[in-house]
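Trainee: In order, the protein sequence lines correspond to chains A and B.
Residue numbers for the first sequence follow the working numbering, beginning at 1 and rising by one.
Residue numbers for the second sequence follow the working numbering, beginning at 433 and rising by one.
Please note that the accuracy of each hint is not assured.
Each computed DMTMM-like pair below joins lysine to aspartate or glutamate, with the alpha-carbon atoms no more than 25 Å apart [what the hints assert, rightly or not]: (1) A:K396 <-> A:D313; (2) A:K366 <-> A:D313; (3) A:K396 <-> B:D521; (4) A:K237 <-> B:E626; (5) A:K2 <-> A:D313; (6) B:K609 <-> B:E626.
Non-contacting residues of chain B with respect to chain A, defined by C-beta distances greater than 10 Å in every case (computed) [as the list claims (entries may be wrong)]: (7) T471; (8) G500; (9) L519; (10) A528; (11) R598; (12) P624; (13) M630; (14) Q678; (15) S704.
Per label pair, the in silico range of CB-to-CB distance [as the list claims (entries may be wrong)]: (16) A:L184 <-> B:R677: 36 to 42 Å; (17) B:T471 <-> A:H342: 54 to 60 Å; (18) A:E286 <-> B:R530: 45 to 51 Å.
Keep in mind the hints are simulated off the structure, nothing from the lab.
Predicted, not measured: the structure shown is a model, and the values here were computed from it.
Backbone N, C-alpha and C define an ideal beta-carbon position, used for all residues, glycine too.
Next come the chains, spelled out residue by residue.
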Amino acid sequence: MKRLLIRNGRVICPASGHDGVADVLIEDGRIAAVGPDLTAPGADTLDAAGLVVAPGFIDIHVHLREPGFTHAETIATGSRAAAAGGFTTVCCMPNTNPVNDSATVTTYIVEKARREAVVNVFPIGAITKGSEGEELASIGSMAAAGAVAISDDGRPVMNARVMRRAMETARALDIPVIQHCEDLHLSAGGDMHECADSVRLGLRGIPAAAEDVMVARDILLAELTGARYHVAHISTKNAVAMVEFARRRGLPVTCEATPHHIALHTGHMRPYDSNYKMKPPLRGPEHVEAVIEGVIHGTVDCLATDHAPHAGDDKMQEFERCPFGIIGLETALGIALEVLVHTGRVSLNRLIALFTSEPARVIGWKGGQARGALKPGYAGDVTIFHPEYPWTYDVKKSLSKSANTPFSGRTFRGGPIVTVVGGEIAWKAPGF
Amino acid sequence: MGRSLLGIEDLDRTEIERILNRAVAFQPHGGPTFARVNTCTGMMVVNAFFENSTRTRSSFEIAAHRLGADTLSITAAGSSVAKGESLVDTLNTLSAMRPSVIVMRHQASGAPHFLARHLSTPIVNAGDGTHEHPTQALLDARTILDRCGRLEGLRVVIIGDILHSRVARSNIFLLSKFGASVVLCGPPALLPREMAAMARGVEIEYDMRRAVRGANVIMMLRVQLERIHEPQMQAGEYFRFYGLRQEHVDLAHPDVIVMHPGPMNRGREISSEVADSQRSMILNQVENGVPVRMAVLERVLLP
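The shape of chain A in the complex, shown without the other chains (with noise of 0.2 Å):
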């Protein structure tokens, strides 16, 4: 039996209210007992004295790449850079080559994952077909296959009608609907979220509105089929309020926000830089402010990366050429600890909750798949870390294939340390 003994950490797990030094004891793969002072003779020894030991860290929006863009970006490259960054486990969206919008290619991942990823995998099947917006995918057999959700990530369902179809299917198979909420009308050409800066650039605006209709028009759906309606990287105003309203209502829908969306404004954009460019674009700071105030009142579910890997040759380019998207694994951590705790705004155990038992909860994984909690039949993840240890951030020396990010140079307070997944170290931090 193989066994792994993390001791005198500050063991804290929101979901199970624990906060305190404890030992953590994980024994085929699955998290055994939390408690002081432990003792497995014969398990593998781990010194946590000083730093924060936390359920494994969960990122329910990430791109692999593979199969289709290796270049840019393969299972084994993504599934380090986030073990890297302490995530334990990633949800990898469908935008690949072929589209994930069929058991094969969902078993394709899956098989891959179990193979050449040190993280866990867990794919997110398309909504349609080709995520071309009109027939419905291989939905029930995806979710046969492995997958988790489903989304047309970066290519949103326009046609009201086909969204609410594919609602009803997934509320069926209890899996969550995750929507990229951008109306493609409102935001067609568009390069930066529209305003003065837009404007004075010359650069065409995506404006808050494409998100805020789509957002709108998707929390009505879910109140027609009852399904479970996730919307990723909520960047606007309104669209968090919306989503307030929607919780107030009773409804079943939830969203994420990116580090990128409430470290940065449009303000922060070095002009004609891609790596300032992604979708949803950089708000304004009234934007980012009400995101941030979603995150410490709740409305806003959990935090993923949208990690976005592109080759550097495409990133080379006049900014309206260069696609959207910046990576964004190994800076996650440090972002949110900068924006949310070492301002006061958010409690550490808050933030590790919003890495862990939310994204968890949104996914919804059950039985031998839970995940999120440090609680005995858990899936056997640990994140350490140091919240407060200063360290920079070097994107030539990432373990990504990608080095699109505004991040390279920043300075932090605080990141991962050691990341466990199933029992065995999946990283740790050069010269721990």
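Got chain A; can you put chain B on it based on the hints?
Mentor: Coordinates of chain B only, in the frame set by chain A:
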């Protein structure tokens, strides 16, 4: 990128004045053509035009020749960009030929700014997308100064498709730095309210008759059909509400001048009567293109 000229927004008033004053020395002053000074003999100016242009490119070529510099002009159709090479690679290749300056026009906003971060050769922006066209604003300022003697305190009305106009943006930045009051006027879909925040002294007026009242300068912009991706106003409706006619000129200051960066669409944004009138500075603008660009090139070539 110290000597590059990427936009008016980054220039201070003193630098602009230096260019405008230097341009006077290159004007024909009644002579048959522009002064030939040969201060830049042996230098090489590469004109890289990734978007069609007749007047700006020929104006830069003449300016370079009058300074004694050699020129090489590349257009998109014949360039390796048409063969799929990336912009950075194309410009790196050009740069390896050791030009003294690259004059560049590109359809993407910010393309020269992006390249300036990766290239050691100075760049002069000859128009980037819907962002800036700094030499046009400089020659417009020279033209206004020639006629009105000052910029400060003037009421300058810019009319038309402001949203897609790089000429408008550069002029807004320049005129504001010199204390002119700038009135923007155009159909709401082509004139977002946010544009009032671009610079000090900018206001927005959707009614053309109110906009031109008391104006010292009326600048018309071309309707850029190729850039408009929006559900659009009918052409007849556009001319009715935003086309410049004599009745508007009559509402302006008695000494008003009318400008247009060209190429103009007669009957769409300006009536022939006005375009060909004594008030029209359209050919003066073209003429000032050469001395102003000589001053701009000299600033880059002789630091």
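Trainee: Now tell me, hint by hint, if it's right for this structure.
Mentor: Okay, the hints, checked on the actual structure:
1. A:K396 <-> A:D313: Judged against 25 Å, a Cα distance of about 15 Å means the pair holds.
2. A:K366 <-> A:D313: 42 Å, violated
3. A:K396 <-> B:D521: 22 Å, holds
4. A:K237 <-> B:E626: 19 Å, holds
5. A:K2 <-> A:D313: 45 Å, violated
6. B:K609 <-> B:E626: 19 Å, holds
7. T471: Given a closest Cβ separation of 33 Å, the condition holds.
8. G500: Check passes; 33 Å lies beyond 10 Å.
9. L519: The claim breaks: B:L519 does not keep its Cβ more than 10 Å from every Cβ of chain A (closest is about 6 Å).
10. A528: 17 Å, holds
11. R598: 6 Å, violated
12. P624: 6 Å, violated
13. M630: 5 Å, violated
14. Q678: 32 Å, holds
15. S704: 31 Å, holds
16. A:L184 <-> B:R677: 36 to 42 Å: 40 Å, holds
17. B:T471 <-> A:H342: 54 to 60 Å: 57 Å, holds
18. A:E286 <-> B:R530: 45 to 51 Å: 49 Å, holds
Hint violations for this structure: numbers 2, 5, 9, 11, 12, 13, all remaining hints satisfied.
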